[in-house]
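S.K.: Sequence:
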Amino acid sequence: MNRPLSSIKKGSVVYIQNIESCSQCKHHLEEMGFIPGTPVEVCRCCNKGPLVVAIRGGKIMLGQEMARHIMVK
3 MNRPLSSIKK GSVVYIQNIE SCSQCKHHLE EMGFIPGTPV EVCRCCNKGP LVVAIRGGKI
63 MLGQEMARHI MVK
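Using the working numbering, read the sequence shown as starting at 3 and increasing by one per residue.
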């Protein structure tokens, strides 16, 4: 079952399924490494603040709104 990245708990490793957003936002996220099939580990999360994820050997901070568009499994 696909869920938004913003709903995943700290310490979980999930795989990107798709990005549900406009083409410009989707392209931006893909340039950052958010490509379907890529594993992502949630390093920090909170309901109102940014999300920190480990992806492709680095860490990226995402706002909650942006993380809602990234569907994971």
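Possibly wrong hints are sitting among the right ones.
[Unchecked claim] Subject to a maximum C-alpha distance of 30 Å in a straight line, what follows is the list of computed DSSO-like cross-link-like pairs (lysine-lysine): (1) Lys50 <-> Lys11; (2) Lys12 <-> Lys61; (3) Lys11 <-> Lys28.
Just so you know, these hints were derived from the structure itself, not from any lab.
S.K.: Work down the list of hints and note, for each, if the structure agrees.
M.R.: Hints, one by one, checked against the model:
A C-alpha spacing of about 14 Å is found between lysine 50 and lysine 11, which places the hinted pair at or below 30 Å, so the restraint holds. For the hint linking lysine 12 to lysine 61, the alpha-carbon distance of about 14 Å falls within 30 Å, and the restraint holds. Straight-line distance between C-alpha atoms of lysine 11 and lysine 28 comes to about 23 Å, which keeps the hinted pair within the 30 Å bound.
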